[in-house]
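Counting from 0, one number per residue, gives the positions in the sequence shown under numbering that gives the first Met the number 0.
By construction, these hints were calculated from the structure, which means they are not laboratory data. If you're wondering where the values come from, they're calculated on a predicted model, not measured in any experiment. Be aware that a few hints might be false.
Said to hold, decoys possible - Okay, derived cross-link-like pairs now, BS3-like style, lysine-lysine, Cα gap no bigger than 30 Å in a straight line: (1) K12 <-> K43; (2) K43 <-> K7; (3) K43 <-> K4; (4) K22 <-> K54; (5) K12 <-> K54; (6) K13 <-> K43; (7) K22 <-> K49; (8) K49 <-> K13; (9) K54 <-> K7; (10) K4 <-> K54; (11) K22 <-> K43; (12) K4 <-> K49.
Stated by the list, open to error - Label pairs and their in silico Cβ distance ranges: (13) G50 <-> E5: 20 to 30 Å; (14) G27 <-> D62: 13 to 23 Å; (15) Y21 <-> V52: 15 to 25 Å.
Using N, Cα and C, we set each Cβ at its ideal position, and we do this for glycine too.
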Amino acid sequence: MTTIKELKEEAYKKAIDSLARYKFMMFGYWAAIWVYLNQIDAEKENNPFKGLVEKARQIQHSDRQR
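Build the full structure now, drawing on both the sequences and the hints.
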């Protein structure tokens, strides 16, 4: 039987693979799957996409400064 932790690992890998191949909609899909699985998991983990979100906010902020 597959555990939630294993499903989260798979979702994370697929999200990163999608992002690396410019498949942005698929990245969002798999990232959302990871977030959902984390919500229902008894053992919550830190969001592995937080660094990507922070980088996007830095870029957004620097674009506003121009």
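field: Restraint status (C-alpha distance of K12 to K43 at most 30 Å)
entry: Holds: K12 and K43 sit about 18 Å apart, inside 30 Å.
field: Pairwise hint evaluation, K7 against K43, where the allowed Cα distance is 30 Å at most
entry: Given pair K43, K7 holds - Cα atoms ~11 Å apart, limit 30 Å.
task: Assess, step by step, whether the Cα of K22 is no farther than 30 Å from the Cα of K54, and give holds or violated.
output: holds, 18 Å
- prompt: Taking only the CA atoms, is the gap from K4 to K54 under or equal to 30 Å?
  reply: holds, 26 Å
- request: Assess, step by step, whether the Cα of K54 is no farther than 30 Å from the Cα of K7, and give holds or violated.
  value: holds, 22 Å
message: Between the alpha carbons of K22 and K49, is the straight-line distance 30 Å or under?
response: holds, 19 Å
task: Assess, step by step, whether the Cα of K13 is no farther than 30 Å from the Cα of K43, and give holds or violated.
output: holds, 20 Å
- prompt: Is the hinted pair K49 and K13 satisfied, with a Cα-Cα distance of at most 30 Å?
  reply: holds, 16 Å
field: Satisfaction of hint between K4 and K43, Cα-Cα up to 30 Å
entry: Holds - the C-alpha atoms of K4 and K43 are around 10 Å apart, at most 30 Å.
query: Are the Cα positions of K4 and K49 separated by 30 Å at most?
result: holds, 18 Å
message: Just to be careful, I want the Cα atoms of K22 and K43 compared with a cutoff of 30 Å; is the pair within it?
response: holds, 27 Å
task: Could you see if the CB distance from Y21 to V52 stays within 15 to 25 Å?
output: Given about 18 Å between the Cβ atoms, the range holds.
The structure fails none of the hints (numbered hints given earlier).
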